[in-house]
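Enquirer: Chains as they are written, first to last, in my numbering: chain S, 1 to 272; chain Z, 1 to 272; chain Y, 1 to 272; chain P, 1 to 272.
It is possible that some hints are incorrect.
Because identical chains cannot be distinguished in the list, a pair is counted as satisfied if it fits within a single copy or across any two copies.
[Unchecked claim] Within a straight-line C-alpha distance of at most 20 Å, the following computed SDA-like cross-link-like pairs (lysine to any residue) qualify:
1) K165 / R204
2) K165 / D22
3) K165 / R262
4) K165 / T25
5) K165 / T123
6) K165 / R60
7) K165 / D261
8) K165 / A21
9) K165 / M254
10) K165 / L155
11) K165 / V201
12) K165 / E179
13) K165 / G28
14) K165 / D30
15) K165 / T133
16) K165 / P89
17) K165 / A136
18) K165 / Q200
19) K165 / T18
20) K165 / E192
21) K165 / L175
22) K165 / P199
Hints were generated in silico from the structure; no laboratory data involved.
Number of protein chains: 4
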Amino acid sequence: MQHPANGQPPQYPTSLGTSDADTITLLGHDLAGELIGRTGFGELALWLVTQRRPEPGEVRVFEAVLVALADHGFTPTALATRLTYLSAPDSVQGALAAGLLGGGSRFLGVTEDCGAFLHEALTAHEGRLPGDTDDAGWDRLALETVRAARAERRLVPGLGHPVHKIRDPRTPVLLAIAEENGHKGPHLRLFEAVGRVHPQVLGRALPLNGAGVCGAALADLGLPIGLLRGFALLARTAGLLGHLAEEQRAPLGMDVYLSVDRNARYVAPPGD
Amino acid sequence: MQHPANGQPPQYPTSLGTSDADTITLLGHDLAGELIGRTGFGELALWLVTQRRPEPGEVRVFEAVLVALADHGFTPTALATRLTYLSAPDSVQGALAAGLLGGGSRFLGVTEDCGAFLHEALTAHEGRLPGDTDDAGWDRLALETVRAARAERRLVPGLGHPVHKIRDPRTPVLLAIAEENGHKGPHLRLFEAVGRVHPQVLGRALPLNGAGVCGAALADLGLPIGLLRGFALLARTAGLLGHLAEEQRAPLGMDVYLSVDRNARYVAPPGD
Amino acid sequence: MQHPANGQPPQYPTSLGTSDADTITLLGHDLAGELIGRTGFGELALWLVTQRRPEPGEVRVFEAVLVALADHGFTPTALATRLTYLSAPDSVQGALAAGLLGGGSRFLGVTEDCGAFLHEALTAHEGRLPGDTDDAGWDRLALETVRAARAERRLVPGLGHPVHKIRDPRTPVLLAIAEENGHKGPHLRLFEAVGRVHPQVLGRALPLNGAGVCGAALADLGLPIGLLRGFALLARTAGLLGHLAEEQRAPLGMDVYLSVDRNARYVAPPGD
Amino acid sequence: MQHPANGQPPQYPTSLGTSDADTITLLGHDLAGELIGRTGFGELALWLVTQRRPEPGEVRVFEAVLVALADHGFTPTALATRLTYLSAPDSVQGALAAGLLGGGSRFLGVTEDCGAFLHEALTAHEGRLPGDTDDAGWDRLALETVRAARAERRLVPGLGHPVHKIRDPRTPVLLAIAEENGHKGPHLRLFEAVGRVHPQVLGRALPLNGAGVCGAALADLGLPIGLLRGFALLARTAGLLGHLAEEQRAPLGMDVYLSVDRNARYVAPPGD
Numbered sequence: 001m002q003h004p005a006n007g008q009p010p011q012y013p014t015s016l017g018t019s020d021a022d023t024i025t026l027l028g029h030d031l032a033g034e035l036i037g038r039t040g041f042g043e044l045a046l047w048l049v050t051q052r053r054p055e056p057g058e059v060r061v062f063e064a065v066l067v068a069l070a071d072h073g074f075t076p077t078a079l080a081t082r083l084t085y086l087s088a089p090d091s092v093q094g095a096l097a098a099g100l101l102g103g104g105s106r107f108l109g110v111t112e113d114c115g116a117f118l119h120e121a122l123t124a125h126e127g128r129l130p131g132d133t134d135d136a137g138w139d140r141l142a143l144e145t146v147r148a149a150r151a152e153r154r155l156v157p158g159l160g161h162p163v164h165k166i167r168d169p170r171t172p173v174l175l176a177i178a179e180e181n182g183h184k185g186p187h188l189r190l191f192e193a194v195g196r197v198h199p200q201v202l203g204r205a206l207p208l209n210g211a212g213v214c215g216a217a218l219a220d221l222g223l224p225i226g227l228l229r230g231f232a233l234l235a236r237t238a239g240l241l242g243h244l245a246e247e248q249r250a251p252l253g254m255d256v257y258l259s260v261d262r263n264a265r266y267v268a269p270p271g272d
Numbered sequence: 001m002q003h004p005a006n007g008q009p010p011q012y013p014t015s016l017g018t019s020d021a022d023t024i025t026l027l028g029h030d031l032a033g034e035l036i037g038r039t040g041f042g043e044l045a046l047w048l049v050t051q052r053r054p055e056p057g058e059v060r061v062f063e064a065v066l067v068a069l070a071d072h073g074f075t076p077t078a079l080a081t082r083l084t085y086l087s088a089p090d091s092v093q094g095a096l097a098a099g100l101l102g103g104g105s106r107f108l109g110v111t112e113d114c115g116a117f118l119h120e121a122l123t124a125h126e127g128r129l130p131g132d133t134d135d136a137g138w139d140r141l142a143l144e145t146v147r148a149a150r151a152e153r154r155l156v157p158g159l160g161h162p163v164h165k166i167r168d169p170r171t172p173v174l175l176a177i178a179e180e181n182g183h184k185g186p187h188l189r190l191f192e193a194v195g196r197v198h199p200q201v202l203g204r205a206l207p208l209n210g211a212g213v214c215g216a217a218l219a220d221l222g223l224p225i226g227l228l229r230g231f232a233l234l235a236r237t238a239g240l241l242g243h244l245a246e247e248q249r250a251p252l253g254m255d256v257y258l259s260v261d262r263n264a265r266y267v268a269p270p271g272d
Numbered sequence: 001m002q003h004p005a006n007g008q009p010p011q012y013p014t015s016l017g018t019s020d021a022d023t024i025t026l027l028g029h030d031l032a033g034e035l036i037g038r039t040g041f042g043e044l045a046l047w048l049v050t051q052r053r054p055e056p057g058e059v060r061v062f063e064a065v066l067v068a069l070a071d072h073g074f075t076p077t078a079l080a081t082r083l084t085y086l087s088a089p090d091s092v093q094g095a096l097a098a099g100l101l102g103g104g105s106r107f108l109g110v111t112e113d114c115g116a117f118l119h120e121a122l123t124a125h126e127g128r129l130p131g132d133t134d135d136a137g138w139d140r141l142a143l144e145t146v147r148a149a150r151a152e153r154r155l156v157p158g159l160g161h162p163v164h165k166i167r168d169p170r171t172p173v174l175l176a177i178a179e180e181n182g183h184k185g186p187h188l189r190l191f192e193a194v195g196r197v198h199p200q201v202l203g204r205a206l207p208l209n210g211a212g213v214c215g216a217a218l219a220d221l222g223l224p225i226g227l228l229r230g231f232a233l234l235a236r237t238a239g240l241l242g243h244l245a246e247e248q249r250a251p252l253g254m255d256v257y258l259s260v261d262r263n264a265r266y267v268a269p270p271g272d
Numbered sequence: 001m002q003h004p005a006n007g008q009p010p011q012y013p014t015s016l017g018t019s020d021a022d023t024i025t026l027l028g029h030d031l032a033g034e035l036i037g038r039t040g041f042g043e044l045a046l047w048l049v050t051q052r053r054p055e056p057g058e059v060r061v062f063e064a065v066l067v068a069l070a071d072h073g074f075t076p077t078a079l080a081t082r083l084t085y086l087s088a089p090d091s092v093q094g095a096l097a098a099g100l101l102g103g104g105s106r107f108l109g110v111t112e113d114c115g116a117f118l119h120e121a122l123t124a125h126e127g128r129l130p131g132d133t134d135d136a137g138w139d140r141l142a143l144e145t146v147r148a149a150r151a152e153r154r155l156v157p158g159l160g161h162p163v164h165k166i167r168d169p170r171t172p173v174l175l176a177i178a179e180e181n182g183h184k185g186p187h188l189r190l191f192e193a194v195g196r197v198h199p200q201v202l203g204r205a206l207p208l209n210g211a212g213v214c215g216a217a218l219a220d221l222g223l224p225i226g227l228l229r230g231f232a233l234l235a236r237t238a239g240l241l242g243h244l245a246e247e248q249r250a251p252l253g254m255d256v257y258l259s260v261d262r263n264a265r266y267v268a269p270p271g272d
């Protein structure tokens, strides 16, 4: 904003949408004449965030990540959406928002945490990073990074999964897609190396999980680290719409509610 | 849910995501082997809701609609997201949810209202609808529908726009895309006819607005009428991520806040 | 807002909070010197909405209603809050908001619906309402109102309860408190009469439920009908804080989640 | 939850609300017979969280804190609520939730941050805390705490205020109320001492702000540190209802929106 000296109202600069009586402009392009029908939705989402038109390989990696993150069945977020819809069917937006509010540190946060963890390590070694094919160099950096995390008693995000204990099926597929499209950058290389070296430090082998590889892939696309969680939320919005549609056709929110309420058991408060 | 007679826990059927130690299944397909990298994000979103794999023409219309609805600049929803991020930068999910909560009856609701309005008219005339090329037939149906709405003092959703008073530039483009892809169905045909005949009833010519044509197009794709608002919300999620990214780079939420707070003027309560 | 002719920024009038370097003013009173420690929280909440200082009897009725609505155990809203906290423990505000989003038409909406239903009937008979002690007069009005609802196939809000099938224990207590404090007004009188006469129309006796009597009581306090749901939400905020505190001490969100996820059963999509 | 060995559904223990056909029990008491009309709303809120019936002095301090935090005029949270209501007037719950989502680290978070900061210092010195009247002892502890914070480049929460630069009028009033009611405990004593000694370390005198003293007072009531933000949210719920009521009577959300939208200025994206 610029506060003009003369007391006029402030001006609000933006590079996103503006419109006048005849045209709607988005990102500097004519929405109707240049974007609708010519730009995919994933492409536009990426473009809106980076404010730079993505090239097709970036879009392919980005959409692959969104597909990977869209739905995992009866997660807490899906249940929150279904229970909220049960209780307030008048507000689809509220049911959707309730589900997205679970996209925090625990169930959806790994994507952002993993991207941020890798980014921090890369930033600390800026100018001294291994070359693309120098696996040994990436392994040394990964070893140092995992050791430092362990010394600070921090978890290494992206390692391990409650269900996929040996191998997360999404991980090799996403790595291959990034490679094919020329977007396997330093975050993914370091993440792969973490996958190779961490047993030396942690004493056991954990799989690189899908949420973590998604975070690394998004970071390699140059997306803002402080917004990586947001892409998991965009993906999950599609999944939650799927849950709402299924709930409309064959509701089970009431059954979830009753399965808890009917098995409630009163216990005396600790303070009484 | 099935409540088994033997007191066992209930079963929860779903056609969305399930997983076991080695595989993740979504919509009956192997997520890693069949979907990631082979399915676009818009395609998956459509599939998640209909639980039927869309064909390419449907995806093109669907993505065109999402692109049309993604962002309109400093809307109330975008401002709510930016102000919430200002106040709680610790929670990207909260800022996003706050924006989506504005996707209700007024600013984003036209899409759903228009789809529902047209759907109701079509359902009432089921079995007696005009043929695809029978413009005169659609005009008669539209005339009857607009007259009925006026008689009940209901607004015709999708007519008029506060900014695009003569013509909404999105409307002809979306109609052409639906036609090209073979998905200009009865909702869009009736909507077009409403555009032709309403001046006879209302006494003035209003443009068919973009949100309305989006609702008609989504309804023609067979999407659940009670969830049309949800697709506007999916599209807007991408737009709100754009606003959050811009707010992170060049914040203006504080300026919006101060422009109101500094111009607050106390007035005595009416009840005192 | 006033848009000054000279292009100056708009002014925003309010009777709520304003402040300068030395004082904070709320509702025209010095917050620190006149309100903190001298005004109860329920009193202030009532005052903030009506912008008229309530008298003690009003506060007693209002707080009785809030106490009645604060918690009902493992409701869908409480479950949404607990599941969201499980998934995003970094955001207490998100968990609370997720719970409140269930405060819609179905589980919390009866309060508002009942107040609105009674208000509509009273408004239609304005100037011709029975006297306070004219029970027969109220019965006639109630009969007419219930008959009209039945003729339009509308439900009478506030009648019946899924658990308290004979008698809701809150109803007589709340009626007595309103009476004792001189605030049993036309909404409560009409509601009582609905309780007496509805079996004549509906053919069976249903209890007046607690949510309904709360709506009638709030309407008799002169609160805005279009905001009655908001008071149920204020009450429920306290209940949800109780659930969050209990979840922090003895979590059960994970168990709710697993009880669903482990009993998921894949069924083929209808469209495949 | 107990997972019974025999495959029966789990049991969910709670000390909050339960009900059967004839009674509703809350916190082990009969809601209708013992709580409604006999328990204030603030008292119940405190009780729901601690699960221990508060004594009157605790309730007085608690309600004083809620009154202090209820509203500060056109905050970002109030604006988010008003803009969401403008955009989605069909959902009061959504407008309220949108406002609460701003109750995060920046605008409402000081209450929790301050309570947590003091709590951490007290816990680190457990068993070695000064006596109630040993001001010099509290000053030594405060000096050590502020020095430690400065050494780690952490801010001392509760110090300073953008508007009340010299003195926050709420602070002395809240301290006096806690003292009068016998609840000026170690958190408030340490906070007062921080107010006395910090200029020695920071080189300038800052006021103890109202949000901070509220956090210290809530911590002295024994409330869970990880939930302090929740009480600010409860207080703010009342304030936001006030804003919604005012917005219903004299809307200004549209003016806020237009004041931004009309002053939008397109700038080329950095990436183009």
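Enquirer: Does each hint hold? Answer for all of them.
Expert: Hint check:
no., hint, in the structure
1, K165 / R204, "within (12 Å within a copy, 55 Å between copies)"
2, K165 / D22, "between (56 Å within a copy, 8 Å between copies)"
3, K165 / R262, "between (34 Å within a copy, 16 Å between copies)"
4, K165 / T25, "between (48 Å within a copy, 16 Å between copies)"
5, K165 / T123, "neither (30 Å within a copy, 38 Å between copies)"
6, K165 / R60, "neither (28 Å within a copy, 38 Å between copies)"
7, K165 / D261, "between (33 Å within a copy, 17 Å between copies)"
8, K165 / A21, "between (57 Å within a copy, 7 Å between copies)"
9, K165 / M254, "between (32 Å within a copy, 19 Å between copies)"
10, K165 / L155, "within (17 Å within a copy, 41 Å between copies)"
11, K165 / V201, "within (18 Å within a copy, 51 Å between copies)"
12, K165 / E179, "neither (25 Å within a copy, 49 Å between copies)"
13, K165 / G28, "neither (47 Å within a copy, 22 Å between copies)"
14, K165 / D30, "between (49 Å within a copy, 18 Å between copies)"
15, K165 / T133, "neither (29 Å within a copy, 57 Å between copies)"
16, K165 / P89, "neither (38 Å within a copy, 24 Å between copies)"
17, K165 / A136, "neither (26 Å within a copy, 57 Å between copies)"
18, K165 / Q200, "within (18 Å within a copy, 55 Å between copies)"
19, K165 / T18, "between (49 Å within a copy, 16 Å between copies)"
20, K165 / E192, "within (17 Å within a copy, 52 Å between copies)"
21, K165 / L175, "within (19 Å within a copy, 49 Å between copies)"
22, K165 / P199, "within (14 Å within a copy, 54 Å between copies)"
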